[in-house]
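Dock chain U against chain C, hints included.
There are 2 protein chains.
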Amino acid sequence: MDDKKLTPLSEIGEFGLIEDLKKEIHLHHKTTIKGIGDDASVIDLGNENVLLLSSDLLAEGVHFDLSYTPLKHLGYKSVVVNVSDIAAMNALPREITVSIAVSSRFTLEAIRELYEGIRLACEYYKLDLVGGDTTSSKSGLIISISITGYAKKNEIVYRSGAKENNLVCVTGNLGAAYMGLQILEREKSVFVSQPGMQPELSGYEYILKRQLKPEARTDMINEFRNLAIIPTSMIDISDGLASEVLHLAKESNTGIDIYEEKLPVDSMTSAVAQELNIPLTTCALNGGEDYELLFTVDLSAFEMLKNHPEISIIGKVNHFSSGNNLHLRSGQVVPLKAQGWKHF
Amino acid sequence: MDDKKLTPLSEIGEFGLIEDLKKEIHLHHKTTIKGIGDDASVIDLGNENVLLLSSDLLAEGVHFDLSYTPLKHLGYKSVVVNVSDIAAMNALPREITVSIAVSSRFTLEAIRELYEGIRLACEYYKLDLVGGDTTSSKSGLIISISITGYAKKNEIVYRSGAKENNLVCVTGNLGAAYMGLQILEREKSVFVSQPGMQPELSGYEYILKRQLKPEARTDMINEFRNLAIIPTSMIDISDGLASEVLHLAKESNTGIDIYEEKLPVDSMTSAVAQELNIPLTTCALNGGEDYELLFTVDLSAFEMLKNHPEISIIGKVNHFSSGNNLHLRSGQVVPLKAQGWKHF
Numbered sequence: 218m219d220d221k222k223l224t225p226l227s228e229i230g231e232f233g234l235i236e237d238l239k240k241e242i243h244l245h246h247k248t249t250i251k252g253i254g255d256d257a258s259v260i261d262l263g264n265e266n267v268l269l270l271s272s273d274l275l276a277e278g279v280h281f282d283l284s285y286t287p288l289k290h291l292g293y294k295s296v297v298v299n300v301s302d303i304a305a306m307n308a309l310p311r312e313i314t315v316s317i318a319v320s321s322r323f324t325l326e327a328i329r330e331l332y333e334g335i336r337l338a339c340e341y342y343k344l345d346l347v348g349g350d351t352t353s354s355k356s357g358l359i360i361s362i363s364i365t366g367y368a369k370k371n372e373i374v375y376r377s378g379a380k381e382n383n384l385v386c387v388t389g390n391l392g393a394a395y396m397g398l399q400i401l402e403r404e405k406s407v408f409v410s411q412p413g414m415q416p417e418l419s420g421y422e423y424i425l426k427r428q429l430k431p432e433a434r435t436d437m438i439n440e441f442r443n444l445a446i447i448p449t450s451m452i453d454i455s456d457g458l459a460s461e462v463l464h465l466a467k468e469s470n471t472g473i474d475i476y477e478e479k480l481p482v483d484s485m486t487s488a489v490a491q492e493l494n495i496p497l498t499t500c501a502l503n504g505g506e507d508y509e510l511l512f513t514v515d516l517s518a519f520e521m522l523k524n525h526p527e528i529s530i531i532g533k534v535n536h537f538s539s540g541n542n543l544h545l546r547s548g549q550v551v552p553l554k555a556q557g558w559k560h561f
Numbered sequence: 218m219d220d221k222k223l224t225p226l227s228e229i230g231e232f233g234l235i236e237d238l239k240k241e242i243h244l245h246h247k248t249t250i251k252g253i254g255d256d257a258s259v260i261d262l263g264n265e266n267v268l269l270l271s272s273d274l275l276a277e278g279v280h281f282d283l284s285y286t287p288l289k290h291l292g293y294k295s296v297v298v299n300v301s302d303i304a305a306m307n308a309l310p311r312e313i314t315v316s317i318a319v320s321s322r323f324t325l326e327a328i329r330e331l332y333e334g335i336r337l338a339c340e341y342y343k344l345d346l347v348g349g350d351t352t353s354s355k356s357g358l359i360i361s362i363s364i365t366g367y368a369k370k371n372e373i374v375y376r377s378g379a380k381e382n383n384l385v386c387v388t389g390n391l392g393a394a395y396m397g398l399q400i401l402e403r404e405k406s407v408f409v410s411q412p413g414m415q416p417e418l419s420g421y422e423y424i425l426k427r428q429l430k431p432e433a434r435t436d437m438i439n440e441f442r443n444l445a446i447i448p449t450s451m452i453d454i455s456d457g458l459a460s461e462v463l464h465l466a467k468e469s470n471t472g473i474d475i476y477e478e479k480l481p482v483d484s485m486t487s488a489v490a491q492e493l494n495i496p497l498t499t500c501a502l503n504g505g506e507d508y509e510l511l512f513t514v515d516l517s518a519f520e521m522l523k524n525h526p527e528i529s530i531i532g533k534v535n536h537f538s539s540g541n542n543l544h545l546r547s548g549q550v551v552p553l554k555a556q557g558w559k560h561f
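Chains as they are written, first to last, in the numbering used here: chain C, 218 to 561; chain U, 218 to 561.
No wet-lab data here; the hints were simulated from the structure. Check before you lean on any hint, since a few could be wrong.
Copies of the same chain look alike in the list, so a pair counts if it fits in one copy or across any two.
As the list claims (entries may be wrong) - Listed below are the simulated EDC-like cross-link pairs for lysine to aspartate or glutamate, each with C-alpha atoms no more than 20 Å apart in a straight line:
(1) Lys-523 to Glu-326
(2) Lys-554 to Glu-478
(3) Lys-370 to Asp-261
(4) Lys-343 to Asp-261
(5) Lys-369 to Glu-265
(6) Lys-343 to Glu-333
(7) Lys-240 to Glu-468
(8) Lys-289 to Glu-241
(9) Lys-355 to Asp-282
(10) Lys-369 to Asp-261
(11) Lys-239 to Glu-333
(12) Lys-343 to Glu-241
(13) Lys-239 to Glu-340
(14) Lys-523 to Glu-468
(15) Lys-240 to Glu-326
(16) Lys-222 to Glu-422
(17) Lys-221 to Glu-333
(18) Lys-405 to Glu-417
(19) Lys-247 to Glu-333
(20) Lys-554 to Glu-333
(21) Lys-247 to Asp-483
(22) Lys-426 to Asp-282
(23) Lys-355 to Glu-228
(24) Lys-239 to Glu-326
(25) Lys-289 to Glu-477
(26) Lys-430 to Glu-340
Pulled out of the complex, with its shape left as it was, chain C reads as follows (with noise of 0.2 Å):
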């Protein structure tokens, strides 16, 4: 009937899918001081205050694999990715709600324990679960989650804000939850070919800790207002780092160099890198959901955050017909690229 060429899903992949529904968006009001585009939304309340929503959905089989994901861990983790979201904008979360499609191969006792890891997570970072939606699916477990998060509206920092000469920082450290889902997918390729065999995971708690249990940098958040540092962009490390400090440069209309010699990166995390023999600094800038904090400052704040345990300083902030480049520890100057996901 329609012989118009159709495309794949696999053929623009899950960026380029975003990139067209985006195009077709018109905003009616003018409350909406950011819509899609960053870590989440930002909405004028009419007073200083300004509300952010972000919503992340999580799919079996897609973002994580039940044979080696505790579902308390999966609980913990699918609300730690969201209050991410709102740490990204230098604001702290408040509310969320939880919709769960969840096929009849699961028992009640298994829900419980997903919501058991969501209740922990709600304690540890003081959210109050207010609504969502519960219902069955043909196959698998889906979670979607929405989020708040508030702050005053001249807290509130963008991936655009970035300016040539500002330094370019992480909190915490890189490509531990990789290496940890190396290890995971090790064990679990074991086990499908002898399935007698216990897993071995001791020695790896802490790489595992960063994969199936990460935490979101909401204390990091709690130290900028400390130090009164204002990052002037900012955005948290799901999809890797070279990705995300490519999107901080696009947005801000600069461009970035990074030094690979001021990668933070835990001994564990290099040590299994070794034993796996992965390219240490390429699971540093392409592991993924680190959920750290990439942000931009002004070089006014060198002296505070030189020794900050908790920060590195990794580049800096240029014009953006320098584009972005990596600083090999050879010397040896490429461009920074990002190998990115692609789900379909």
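Below, chain U without anything else, positioned relative to chain C:
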């Protein structure tokens, strides 16, 4: 390993699961005026206004059947379902986030159709689409929408405010969406047995529209304001009138009497009920998906409402000791029972 008895979800049902999970919820913030348990949660914004939050999740094969649901209508309806939750609090909606999980059997063009419906609903209800998530799924389509609403604190109407001698009212008419579904199911089963047949849908336009492209009654919220009426309790009719009457009665700690002869039914609904040999009152009481508003209001509003073209007075609030009753045309009085929808 674990010899405790495990409970299949089918044993407790969807309402049972929600009840079970609700028990463990603790709130941390005084700003949460109403958490789980109404059509939307209510959050104090520190001034005269409150924020409302609600989320709904629609799953393919559970909430919709793509064999007869055009994707554009599905997108529209998935927004309407959420808008209706905000209207049911006597408030107007403003922002939505839309998360979808979609399997690779869908094309870009199909997802564009879905979003075109979402966009049309955003135009009609003046909503800003401010965020969401788009990911792949291993099977089927999942649509998860969260919505905000705003109102003055003293305008908010809960399920729990019905008082003895209040009038019980409903907007629009009942059972049409359910009748539309019966026609779609009939034509689908004809098609399955005789694939060459064209579906016979002409003449059924009104009830098909009520099923495939319903509207939320935000117009009635504006009408309440014009009439200077604030209902004492309200709920939207998504699961059928009887079920929602029982919710209002329970939450308000009252009894409610409903009169069969007062139930508003469109002439096409009654003609098709006769054609398909479905008892009309059952259909009006338990049909579901009408997205009309059921509300109670002080007796003093009687003169304003008695001839209102969009509002029917269908019953009266009584002391809880008198229970919930249906007065049949015959004069007989029977206990009002809900025929629920169990998805598991």
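Evaluation of the provided hints:
1. Lys-523 to Glu-326: Neither. Shortest intra-copy (48 Å) and inter-copy (50 Å) distances fail the 20 Å Cα cut-off.
2. Lys-554 to Glu-478: For Lys-554 and Glu-478, only the intra-copy Cα distance (17 Å) is at most 20 Å; the inter-copy one is 70 Å.
3. Lys-370 to Asp-261: both (8 Å within a copy, 18 Å between copies)
4. Lys-343 to Asp-261: Answer is between: at 16 Å across copies they meet the 20 Å cutoff, but 23 Å inside does not.
5. Lys-369 to Glu-265: both (6 Å within a copy, 18 Å between copies)
6. Lys-343 to Glu-333: Only inside one copy: Lys-343 and Glu-333 sit 15 Å apart there, 37 Å across copies, limit 20 Å.
7. Lys-240 to Glu-468: within (17 Å within a copy, 44 Å between copies)
8. Lys-289 to Glu-241: The answer is between: 14 Å across copies meets 20 Å, while 38 Å in one copy does not.
9. Lys-355 to Asp-282: both (17 Å within a copy, 12 Å between copies)
10. Lys-369 to Asp-261: both (10 Å within a copy, 16 Å between copies)
11. Lys-239 to Glu-333: between (35 Å within a copy, 11 Å between copies)
12. Lys-343 to Glu-241: Answer is between; shortest inter-copy Cα gap is 15 Å, intra-copy 36 Å.
13. Lys-239 to Glu-340: between (35 Å within a copy, 15 Å between copies)
14. Lys-523 to Glu-468: neither (26 Å within a copy, 58 Å between copies)
15. Lys-240 to Glu-326: So Lys-240 and Glu-326 pass the 20 Å test across copies only (14 Å; inside, 43 Å).
16. Lys-222 to Glu-422: neither (50 Å within a copy, 31 Å between copies)
17. Lys-221 to Glu-333: between (49 Å within a copy, 18 Å between copies)
18. Lys-405 to Glu-417: within (10 Å within a copy, 53 Å between copies)
19. Lys-247 to Glu-333: neither (39 Å within a copy, 23 Å between copies)
20. Lys-554 to Glu-333: neither (39 Å within a copy, 34 Å between copies)
21. Lys-247 to Asp-483: Neither way: Lys-247 and Asp-483 sit 45 Å apart in one copy and 40 Å across, limit 20 Å.
22. Lys-426 to Asp-282: within (15 Å within a copy, 40 Å between copies)
23. Lys-355 to Glu-228: between (26 Å within a copy, 17 Å between copies)
24. Lys-239 to Glu-326: between (40 Å within a copy, 14 Å between copies)
25. Lys-289 to Glu-477: This pair counts as neither: shortest intra-copy Cα distance 36 Å, inter-copy 48 Å.
26. Lys-430 to Glu-340: Close inside one copy (15 Å), not across copies (40 Å); limit 20 Å.
Going down the numbered hints, you'll see the structure goes against 1, 14, 16, 19, 20, 21, 25, while the others check out.
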